[in-house]
Every structure is written in structure tokens, then in C-alpha cells.
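J.: Heads up: the protein sequence lines correspond to chains A and B, in order. Counted from 1, the first sequence has number 346 at position 292 by my numbering; the numbering is strictly sequential. Counted from 1, the second sequence has number 99 at position 45 by my numbering; the numbering is strictly sequential.
Treat the hints with care, since some could be wrong.
You can't tell identical chains apart in this list, so a pair holds if it fits in one copy or across any two.
[What the hints assert, rightly or not] Heads up, simulated SDA-like pairs for lysine to any residue below, C-alpha to C-alpha not over 20 Å straight-line: (1) K291 / S234; (2) K418 / G186; (3) K457 / H155; (4) K277 / I71.
Because the hints were derived from the structure by calculation, they are not lab data. All of these numbers come straight from a predicted model, not from anything done at the bench.
There are 2 protein chains.
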Amino acid sequence: MRCDVVAVGTELLLGQIVDTNSSWLGEQLAAAGIDSCLQVKVGDNQARIVAALQSVLRDADAVIVCGGLGPTHDDITRESIAEVMGTTLEMHDVIADRIAHMFASRNRKMAENNLRQAMVPRGASVIEQKRGTAPGLICPVGDKVIYAVPGVPYELHEMFERAILPDLLARSGEPRKIASRVLRTWGESESGLNERLQPLIDELDRVGNPTLAFLASGWEGIKVRLTARGADDASVKSLLDSWAERVRAIVPEVVFGYDTDTMESVVLDLLRAQGLTIGVAESVTGGLVAGRLTATPGSSDVMRGGVVAYASDVKFDVLGVPRGPVISEDTARAMAVGVCKTVGSSVGLALTGVAGPAEQDGAKVGTLCIAVAMPAGGPGTSSGSSGQLVASSTTVMLPGDRKTMRELAVISALNYLRQLLQRP
Amino acid sequence: MRCDVVAVGTELLLGQIVDTNSSWLGEQLAAAGIDSCLQVKVGDNQARIVAALQSVLRDADAVIVCGGLGPTHDDITRESIAEVMGTTLEMHDVIADRIAHMFASRNRKMAENNLRQAMVPRGASVIEQKRGTAPGLICPVGDKVIYAVPGVPYELHEMFERAILPDLLARSGEPRKIASRVLRTWGESESGLNERLQPLIDELDRVGNPTLAFLASGWEGIKVRLTARGADDASVKSLLDSWAERVRAIVPEVVFGYDTDTMESVVLDLLRAQGLTIGVAESVTGGLVAGRLTATPGSSDVMRGGVVAYASDVKFDVLGVPRGPVISEDTARAMAVGVCKTVGSSVGLALTGVAGPAEQDGAKVGTLCIAVAMPAGGPGTSSGSSGQLVASSTTVMLPGDRKTMRELAVISALNYLRQLLQRP
Chain A
55 MRCDVVAVGT ELLLGQIVDT NSSWLGEQLA AAGIDSCLQV KVGDNQARIV
105 AALQSVLRDA DAVIVCGGLG PTHDDITRES IAEVMGTTLE MHDVIADRIA
155 HMFASRNRKM AENNLRQAMV PRGASVIEQK RGTAPGLICP VGDKVIYAVP
205 GVPYELHEMF ERAILPDLLA RSGEPRKIAS RVLRTWGESE SGLNERLQPL
255 IDELDRVGNP TLAFLASGWE GIKVRLTARG ADDASVKSLL DSWAERVRAI
305 VPEVVFGYDT DTMESVVLDL LRAQGLTIGV AESVTGGLVA GRLTATPGSS
355 DVMRGGVVAY ASDVKFDVLG VPRGPVISED TARAMAVGVC KTVGSSVGLA
405 LTGVAGPAEQ DGAKVGTLCI AVAMPAGGPG TSSGSSGQLV ASSTTVMLPG
455 DRKTMRELAV ISALNYLRQL LQRP
Chain B
55 MRCDVVAVGT ELLLGQIVDT NSSWLGEQLA AAGIDSCLQV KVGDNQARIV
105 AALQSVLRDA DAVIVCGGLG PTHDDITRES IAEVMGTTLE MHDVIADRIA
155 HMFASRNRKM AENNLRQAMV PRGASVIEQK RGTAPGLICP VGDKVIYAVP
205 GVPYELHEMF ERAILPDLLA RSGEPRKIAS RVLRTWGESE SGLNERLQPL
255 IDELDRVGNP TLAFLASGWE GIKVRLTARG ADDASVKSLL DSWAERVRAI
305 VPEVVFGYDT DTMESVVLDL LRAQGLTIGV AESVTGGLVA GRLTATPGSS
355 DVMRGGVVAY ASDVKFDVLG VPRGPVISED TARAMAVGVC KTVGSSVGLA
405 LTGVAGPAEQ DGAKVGTLCI AVAMPAGGPG TSSGSSGQLV ASSTTVMLPG
455 DRKTMRELAV ISALNYLRQL LQRP
């Protein structure tokens, strides 16, 4: 089964928008075991859209066309598909009513051209719109098929998962249920993960289901994605459960979560479960750790705040760090203890290091000292700022330019805290 | 003149990497007045690469192939181009020597397959490599041309600007010098900018040189890019100087910088020039403003640090904000004054607001209160923390989800500070 992609829009060719839709579709199709061999960007020009569709359909079994389904005169995907099908457009009354009703319910006057979105090539079936105004289309061309979806990513994603992927799987004779599970990891390189998981990957290659893919995601870590197919939801879930557990068992220390978990959501959940609050003291990252923790809605019950101690004097005067060179674990530990007192948190996380471009205090670019201050006796023994604190620390060397080093510092520090919070 | 793009790499089709190269090239080509009508992604498969090149060359005058020039067995762009040209590959001794020398100079053993990168289709000329090991290629096909460049973005950008664009312009008979200037703006929507600049845009449409484009860039603001062509550098510069000034004169209050300027670099430069230091007090943005200021190398002479006052108690206890509801300009002003005292800065910038998902203290999602504390008597009158401070404040409503609102809050606050620092 081969399904290619045609992305429509002059703005894509002009580089005003990067075409992430075809990348996303390629990823989804690959996970489902469907080949995508050619992905094309073409402008809002009917002759070129038609030529691209005809050319792609010569070799592929199916093609997904993204974009050009809106109400304006340069939205000509519908007309182009009708030309490829050798037919004409007709008004789809149900869709037209739905569009008119949507405007009425919002007390907005509907411009007449919105009804263009209710025009459907004869012989095509409709993918109902759930979010936008434009429906998707399933358009048979001989024994092949053109799917048309809006270019708005969240509309496209929803229609692909609800209607296109099931239709593709039915056409390919594959089992019709498909689902993925992502293991979120940090602390091992992609090649390192690959090496440790190689025997399991070899086994998966033999059985063919689920598939496994690595997705390097910057300061989000490396994602290991399992995608399983099966006759029903229960069998798919069972496959994912057992293989995810097998992956985790091989690299247990680097798996910090699953699917929509993030490093910060995991850390916040651990703190919350142990009745702890957190304060952050940052030098090299200058506020990025606090910025990331507070990106999570609902973090305010755990996250008290922090001190950005960029100038050394702020470390000394606000956080009570003893004067001296500031790139050291001693400094980081003093910062971690200091921030607990300043913001009244039970746990303190501190970072000091060198992002470059130049060395500092004799420490190389990439040096990161991380410290965590916690109630003595371990988590849960004290949640006030008055209790006795013990500080742990570590030093890591991070690669990359200033921006990369700072981003990797954020996830490294949160991961260090996670490991301490998960210690028995 | 029409130049299409073929991006080579199975990883692009699998969605493991988003193809930003063709978007970048499309943007550059459009700025130079060259059409790009079709952009194709194809995998590491010689038959498909050859078919894509032949298909594109039927309609276009030129094609840029990105990627597949590396040393490994799946790097087959060279072989594919030779097939399209109807010729064979030969070893280019100068390139081979250069590659061997590069490895020797780094004391690294060169695997034999690296010399694959010195193979060149007969009749092609070479674009010398400056950064990586693979050279680019200029390959005539009848009166048309295939350019091949590595897929690594910074290698591609450098070769495009140095060799491909001049060659394209020479072929098109256009003046050979081209350059751009970007006006960085914040505070006016894209449609608002468009409306205010419409008479000037109409005039540019008539004269055709320079061209003007808007590039919406999230929390970097909206960029207005002028691209001019001319016979020599001096005439291009003169065109850009005069038109950039005409644009600025129409929307003077929103232009904060040019080209590589960023809002944070402009603010840091203004502070530095006035002998001021800064501290940041953040609630809703949780450290993102400080994180952005410290992203700039060399910010440490101006940026003292900050307080992330996420919990209300931190606002009261650390920053001395009077107890009460915390989403107000009063609170923001107290935070701005407080952070000057806490971190010993002469200027304080403070943000409090509601990023959602829910309302807070009766303030709607999107509300942002910004305050700046400065030495009384204006900038330059006092740079210590002991001087008298005066605080200014404003409230803005920002759109978007939690992430967008927080990002727009960062640039809105920095822009407010910029405007105060630039006041006569």
C-alpha cells in the first residue's frame, strides 16, 4: 500500500509557512505500515494541482491532498479533484446547512462564498467537519483514491485519524485498529538506546507488529514510539502494554514517562504526591527551568517560584552563597538551600554552569553543576522551610551551542531531581 | 525564470525530519524574483530521484537538489544526476585531496567511502565545500541546470548564497547583486501593518524593486523584509537604505530594530548605553523574560537577575507587594520596585497576568499587567539601588492559548520597557 501526499498552497512554496502536514502524515503512515514515496508542494494553480495529482496517482494507490478547501477564490482543490475524476461539483445540502447553521449559531453573517465549501465532486463521499467549516473528501479514482483534508493541522489530524487511516487500512486489508504508545526517555543517546534495544528491535523486525521508532526531540528527550495494529482495541492495547514493558525493562532508568507526560509534569506530579513544594535557583539557564515548570497548567500548587541569580552578587546577597568562584557544586548546593529559604519551598533545585561563548572561572563551556536541596530524612519528612535541608549535587558536561546547552541543562536538572524523588 | 526544488531523503518522507530546506529556498528564490512552482520530497531511491528530476526539468529552467551528497551507500544524488545527464561519474582530484587533507588535519583516519564525495558527473562544475566535506555541484542539462547541495542547512545556505543564486541571476539576465534588509516590528498586526503600508506597497509593485514581504514570527514579532537587486553592492545598499527609511517613517513606533537585532538585544543595548542594570520580577511568565534576556551572550553586564514570584506569598514576602489580589497594575509596580531592591538593579521590569486555562482574581485569561521601575528623573540619573524609583505600568489583553499568551507577554513587556527607554 502506497499513499503519497500533495500539499497545496502558494504560501508553502514561498516559504511563508513550513509544510509540517506532510511530515506529520509521513510519520503516521509509516507507523501504520503504509509507504509514502513522494510528497509534493504545489501552488494555488489548478493546472499544476491536476498535473501533480495525476502524476502521483500513476504510481501510488492513494494520495492525500492537504489544503485549498477554504471559501476563497484561490481554494481550488475541489475543482482540481473533480477534473482528475472527470466529473463536476454539486452542492451537498447537508454540508451547506451545517455551514449556514454554524454562522447563525455564532450570530455572524455568512458570506455567500462559504457555500463553496459545500461543493463536492460527484461520486465523492464526505468526511464531516468537526472543528472547522470545510469538510474532507474521499474521492474514488478507478480503484485508487484521493483524500482531501483542510490544511489547518488540528483539523487535518482529526480527519486523518477518524476517517482516512481507517479507510486506508480497510483498503490495504490490514487489521483495522491501530494505536501508538510513546516511552519518553532522557539520559541515553539515540545510538545508545538503539544499541541496548537491538535484540528487541531484531525481534520486532521478525514479528512485524508493533513497529518501533526513535524520535529525537531536543530538550523533550528521545521518544521511543511503539505502534501496534490489531483486530480490536483490546488486542492492540495488550500488544502495546507488553512491548512497552519489555522496552522499559531494558532501559528502566531513562524512561521518565509515557505519551503526553513531560519531564516537568512528571516532576510536578512526584512533588505533589510527596507533599512537597519547589523553588528554583538559576544562573546559567536564567529562568528557563522555572519557565518550563510554570508552563504546566496547575503547577501553582507545587511551584512557589525562584531566583534568577545571574550576577554573582545576587547569588551571594539573595541566596547566601559564600563568595568565591561560582561554577561549582558547592555553589549549586548553597543556591539550592538558599532558594528554599527565599521562596519558602520544601525542595530547592539549582543550576550553575557555563553556556559560552567563553570559559568562566576555569570551567569549560558545557559544564553544568546541578544541586537539589530536600528535607533531611528524605521526601515527605518535612514540607516547611524550617526543616533541616540536605543537598545533593552532580556535574555534567553538555554539548552544543549556547542555546542548546541551556536547553539540555533544563531537562538534565529536572531529570536529576526526578531520579532523587523516585529513590526508594 | 523558474527554479523548482527536490529534497532527497527517506527520513523526510518518514517525518523524522521536517523539510525546512525547500521552504528556506522558496523564500530566497521569491525574494530574488525567481518562481518556484513545485517542491518535491523523495526517498533515497535512484529510480525515484531520477524520475523526480526529469519530471521537474520538463517545466522548470533549473532545479535545486538538497541532500544525498554524503559518503554512505544511500547517498545517491550524484549517481542520479549523472543518469539524468546521460553521463558517468569521475573522481575530482582536487576535491579528493581536500577531503583527505581535512581528515589528516584533524588526526582522523579517513574511511575510504569518504572519497565518494569527490565523484563528480562529467561536465559538471563544483561548488567548493567551505564547511562540510561534500562539495556542491552545478550540472548543465541542455540549456537547463541541476544544482546539488548538501542537506545540512548551514552548508546549503552558504552554497546557495555564494554560488547558486549568482548563477541563477546570471542565467536569468537579472542584475547580479541582491541583498535584503529586515525591519523588526512589534505592536501592530500583520493586517494592520499591511493597511498602513499599502500606498508604499502599491508603489513597490509598480517599480518592482525592491520587493517587500511580511514574515509573522511569533514572539519574535512581525518582520518586514525588503529585498533589492542592482548592478553593484552600492546601488543595492542605497535602494535598501532609502526604502527602509520610508517604511520606518510610516510605522516608526513599531520598528524596534533591523536584521539580526532582537527585542532583547535592543533592550540590553539601550540599558547599557544609559548605564543601567535590570532585574525582572515574573509571575505569569514564570522566568521566560529572564530566560530570554540571558539568552543573549554578554548580557551579564546589564542583567542582574530576577525573582520568579509564582506563588502570591513570594510576591508579598520577597518583593514586598502589599497583600491583596495579584492581577493588577498596582501589584506589577510593587513587583518592579521590589525586584530592584532584591537583586540590586537600577531598573525593574515586572509582569503579572492570567495565562489560563481559568480566570484569576476576576481577571480574564489573556490579561497582562506590565510595570517598569526606573530611577526618578529618568534614565541615567541614578544607576544604584539606593536612588528614588518611579514606576510606570500598563495593561494589555493578549490572545492565544497558555503557551502563546506567555510568549506574547514576554515580547510585550520587553517592548514596553524599550519604549520607556527611548522616550526623549
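J.: Against the structure, test the hints numbered earlier, and report the numbers of the ones violated in rising order.
T.: 2 and 3
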